[in-house]
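Chemist: Chains H and F, in that order, give the protein sequences. Our numbering puts the first residue of the first sequence at 1, with every later residue one more than the last. Our numbering puts the first residue of the second sequence at 1, with every later residue one more than the last.
These are computed hints drawn from the structure, not numbers from a lab. We treat Cβ as the ideally placed atom computed from N, Cα and C, and that holds for glycine. Warning: the hint list may mix true and false statements.
Computed footprint of chain H on chain F, listed as stretches where at least three residues anywhere in the stretch have a Cβ under 8 angstroms from a Cβ of chain H [what the hints assert, rightly or not]:
#	region
1	80-94
2	98-105
3	297-309
4	313-321
Here are some chain F residues the structure puts well away from chain H; computed CB gaps all over 10 angstroms [stated by the list, open to error]:
#	residue
5	Pro112
6	Ala120
7	Ala199
8	Ser239
9	Val287
10	Lys336
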Amino acid sequence: MCGIVGYIGERQAQPILLNCLGRLEYRGYDSCGIAVLSSGIEVYKDAIRVEALAKVAPQLGGTVGVGHTRWATHGEPSQLNAHPHCDCSGNIAVVHNGVVTNSQSLKKQLTSEGHNFVSETDTEAIPHLIEKYYDGNLEEAVEAALRDVDGSYAIIVLAAGEPRLVAARKDSPLIIGIGDRENFIASDVPAILDYTNRVIYLEDGDIGVITKDNIKVRRNGTEVDRKEHEILWSIEDAQKGGYEHFMLKEIHEQPRVIRDTLGEWVSIGEPAVDLAVMMRTGLEALLLLACGTSYHAALIGKYIVEELVGIPVRVELASEFNYSGQTLVKTGAIVITQSGETADTLKAVKRLKEVGCQVLAITNVVGSTASRIADQTVYTRAGPEICVAATKSFIAQLMVLYWLVMSYSKAEARRLASLLTELRHLPSKVQQVLDNEDTILECANYLSRYENMLFIGRGINFPVALEGALKLKEISYIHAEGYAAGELKHGPFALLGGDTPVVAILAHDNTYEAMLTNIKEVKARKSPLVALAEEGDEAIGELADFVITVPRVDAIFSPVVNSVALQLLAYYIAKQRDCPIDFPRNLAKSVTVE
Amino acid sequence: MKQAVILAAGEGQRLRPFTVNKPKVMLSIAGKPILQYVVESLAQNSIRHIVLIVGYRKEQVFDYIGSGQQFGVDITYITQEKQLGTAHALAQAKAITENEFLVLSGDNLIEPDAIAQFVAIKPNAMLVKRVDNPARYGAVTIDNGMVKNIVEKPKEAKSNIINTGIYAFTKEILSFIEPELDIPDALNNMLAQGYPVTAVETDGTWLDVIYPWDILTLNDAVIRQIPASLGGTIETGVSLKGLLSVGKDTVVRSNSYIVGPVVIGNSCDMGPNVCILPATSIGNNVVISPFTEIKNSVIGDDVNIGPGCIIQESVVDKGCVIEGHFTACSGQAEVKVDDEYHLVNVGAMLSEGCRLGNSVVAQPGVIVGNYSQVSALKLISGRLPDRSLVV
C-alpha cells in the first residue's frame, strides 16, 4: 500500500527521503515522488521505481521534505496521479495513504469555488481544502480541512514558508521517528531504521506538528502526550545479507523464528495474556479472524484448537465478516494480522469490541493499531518481513497458536509432553527441509513450465494446500488453486489432464488412506503428480511422478514443515520464471485500504 | 590495509559427516562459528571492508553473518560456483579488490592479537606459525625474514614453520593465479619470478580443524576466552563455578552443578540435577534432562538429551534426540578417515538429526552419520554412514 515519509532537520532532505522510500518499497507501489521545501516547494514525481527516480530527479535543495510511494486505487499509475499533490498555488504539498471516500463531492464543491484539479486521485482534494482554510496557521488549516474529509488517511503536509511538517492520521498507520536535531515521519518503522530507533506512534485523530527539534501532538484542539518507544529491530533485519531475495532470506530465518518463540515459551511458561478472561463463559465457541496468509494460519488454528482444547471454532475472513449481518460471537475472538494495520481486520475488531467481545490480537508489529485496539496482544517473534509474500510471519503465527493452545489444552499430560518434545525439535526439522533445497529446486524446474496447478490436502493440511497455492500464484503468477482433496470430484476433476499438475500434501494421520485414494484418482486422469510426503513413505514413491520428502513430525505440526517446503517450491518456480519475487505486480505488503 | 578477503566456500570433506549440511567455516566452537572468530578479529583490528567468498551451503553463512552490521563490518558476498581451489576462489573477487588487501581462510580460528601486527604490514607478506606437526600443512622455508618457498604437506618437513593461509597481497597476485588452483602455487610462481614476500611469524591463537575430533580441541582452547554472562533464569540450589556464559531465555533448574568454562546458548532447558563440566559448549534450544553428566563436549542447537546420560569428549550435532541412559565415555580409539588411522582420545561423534533409543552405549571414536537411528540397548562403534538404521 502507499507509503509516506517526511524529514525535517539540518541535512539535505532529498537523499534521506529517497532512502526512506527505498525501505518502504516492500509495501508494494507503482509510482513515487518527493517534495522539498526551499524558497518555494519543488516537486518531482513519476510512475517509476524509487531507484529510477533517484537517478533522474534533479537536485532539490532543502532540509525539509516529504516523499511517497503510491499503490494505485483512484486513477491509474501515472506522473500526474503520483504524489505529492499540491494546491492551486503550488505552495502546499501533501502525501497521503488511505482513501478519501467523499472525494467526488469535495472535488465538485472545490471546483465550483474555483480550485483547479489536475489528477484523478482522491488525495488531491486535501491540499485544495487546506489552501481554502489557510490563513497563516498551517496546523489549524489542516485540522479544518480534515473535518471535511471522510475516509481514512495518514498525511504529511508541507507548506511554503513554514519550516515544519504537519502530520495526521485516521485509520492508516503513521509514526514519528525522533532523531538528534532532526525528526522523521513514516508509514512504518523500517523506513527510518537507518536513522533512529526511537519512535512515537500517532493515534487516530492525532495531529502532529514536527520541527527539527520539537514534536507536538494535538487531539481535538488540546495537546496530548504520546509515549516514546524504542524499536528493537535492527536495520540488519531489513537487509538481504547475501541472499538474492528477501523471500529466500526470510524462509531461511524460520528455524530461528521458531526457536525464539520456544525461548519465550520456556522462560515465561504460559503466554503473557489472560486467556481465562476469554474463557469466562466456558468459551463455548471461539472466533478466528484474519485475511490472506494469516487467514490460512487461522484455519490451521481451528484444527489445533479443536483437537487440543475441544471447543468449536469458527474461522472468518475479516473482509467478509464486515459485510455480514450475522450473529456476532460475544465470548472470545482471536485476530491474526502480520502488520497489525490490515484495514478489514481492524474494522472487524472495532465491531467485535462494540458488542463486548474479548479480542486477542496476534501481530508482528509492536505498537501497531491492532495491538492498541485489542484487549490483549501476543507478538510473533518474526522480526520485520520485507517480501510481500508472507513466510516467516506465517510460521511465527502458527507457533503462537501452538503456544496459546497448548498452554490451555485439556489433552492428556502424556500427549502434551510428547508434543512439547516434538516442538523443541521443530527448528531442526525445518532446517532439514531447507537442507533438502536441491530436491525442491529440481521439482520447481519440472513444474515451472505449467500454467495451471492444483494443491490438495485433507484435514490440518487442507489449509496448507490453500497457502501453498497462494504463495505460488502471488510470486510466480501461475494460476494455482488449493482444494480439499475430497472436493476434487465435485468440479475441479474437469480440469485434470496432462497439463495440470497436482501437488498433494500428505501427513501420517487419519487422512492418509483417503489421500492415497485421491492421488490414484488424479493419476488416472493423467495429471502430473508431485507429492509432499514424510520420509520413509514407500507407498507414495510408486504413485507420484515426483516426491519431496519432509522429516517426520507429529501430524499436528505437519503444517509447519509442509508449508516451508511449499514456500521454497514457490520461490524456485518464480525464480525459474524470472519473476520479481519480493515485489510482485499489483500486490501490497500491508493492505491498509478495504 | 582496509580490505580483507575471507575464503569461506569450501566443504571440508575430511570433516564429514559434520559438513554434509554446513560449510566448514560454520562449525560451531564455544558457541559461535569459526567464521565469526575471523570476522571479529578483523573488526577488532579495524578492518571493516570484508569480501566473503562463499560457495558450499552458502545460505548458512548468509543466515548467520548477514550484512555484517551486527559485527561492525561491511560484507560483500561473492559466490564461487565450483570449489576449484583457494586461488580460484580469490580470483572471483578480482573486480572488487583494492590495491592492497588481506586474504584469510574462514575455517582457521584466529584471535585478534594473532593478526594485530600483520594488518599493518606492507604486502606482499605471509603470516607463518611454528607448530609441532607440520606434515598436515604447507611448510615454509624462510631466509632472513623472507619466504623462499612453500612445500605442501611435506613427507619430511625441513622446517616446523607453516603457512597459516593468511596473506597480505597487492593486486599483483591476481596475475599469477589463472593457471593455478591454490594460493601457495600462485605464491611459488611469484617467488620464482623474484617477487619478495615477507614472512611474519605469530605466536597468537591460530587453530585449524581438519578432523571431527579437532572440534573438541578447538573448543577447549578458546572457551576460556569467552566473556562471562548470565542470562535466563537460574533456579535456587544451582551451583555455578568458574567462567560461564548462559544465554537469554535459558532455564537452569534446581540442584544442577555447572563448572566452567561452559557456554550455554539461548532458550535451553537444563535439569533439574544435571552436571555440566569443563569445557562444554551447548547450543540454543537444547533440553538436558535430570541426572545427566556432560563433560568436555560440544552440543549443537535443538538437541534433546534424556535422563541419566554420560557424555564425555563428544560432539552431538544439531537436532539429535537422545533418550535415557546414553553412555558415551571417553577413551583411546583408532579412528579411520580417508584410509588413514588416527589414534585419539574421544567419546562419540554424532552428526545432525540422529535419534538414539534408551540405553545406547557408544564405543569411543564412533562417528554416526546424519539422521541415523539407533534402537534401544544397542552398542555402536566404528563409522555409521548417513541415515543408518541400527535395529
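Chemist: Would you mind marking each hint as holding or not holding in the structure?
Modeler: Evaluated hints:
1. With 0 residues having a beta carbon nearer than 8 angstroms to a beta carbon of chain H, the region 80-94 of chain F misses the requirement of three or more and the stated coverage is violated.
2. Counting residues of the region 98-105 of chain F whose C-beta sits closer than 8 angstroms to any C-beta of chain H gives 0, which falls short of three, so the coverage hint is violated.
3. Taking a C-beta to C-beta cut-off of 8 angstroms, the region 297-309 of chain F contributes 3 residues in contact with chain H, enough for the three needed, and the coverage statement holds.
4. Counting residues of the region 313-321 of chain F whose beta carbon lies closer than 8 angstroms to any beta carbon of chain H gives 3, which meets the minimum of three for the stated coverage.
5. Even its closest Cβ contact with chain H, about 22 angstroms, leaves F:Pro112 beyond 10 angstroms, as expected for a residue assigned away from the interface.
6. With a least beta-carbon separation of about 29 angstroms from chain H, F:Ala120 lies farther than 10 angstroms from that chain, consistent with its non-interface assignment.
7. Even its closest Cβ contact with chain H, about 34 angstroms, leaves F:Ala199 beyond 10 angstroms, as expected for a residue assigned away from the interface.
8. No beta-carbon of chain H is positioned within 10 angstroms of the beta-carbon of F:Ser239; the least distance is around 21 angstroms.
9. Not every CB of chain H lies more than 10 angstroms from the CB of F:Val287, the least distance being 6 angstroms, so the non-interface label is violated.
10. Distance to chain H confirms F:Lys336 as a non-interface residue, since its nearest Cβ pair spans about 26 angstroms, more than 10 angstroms.
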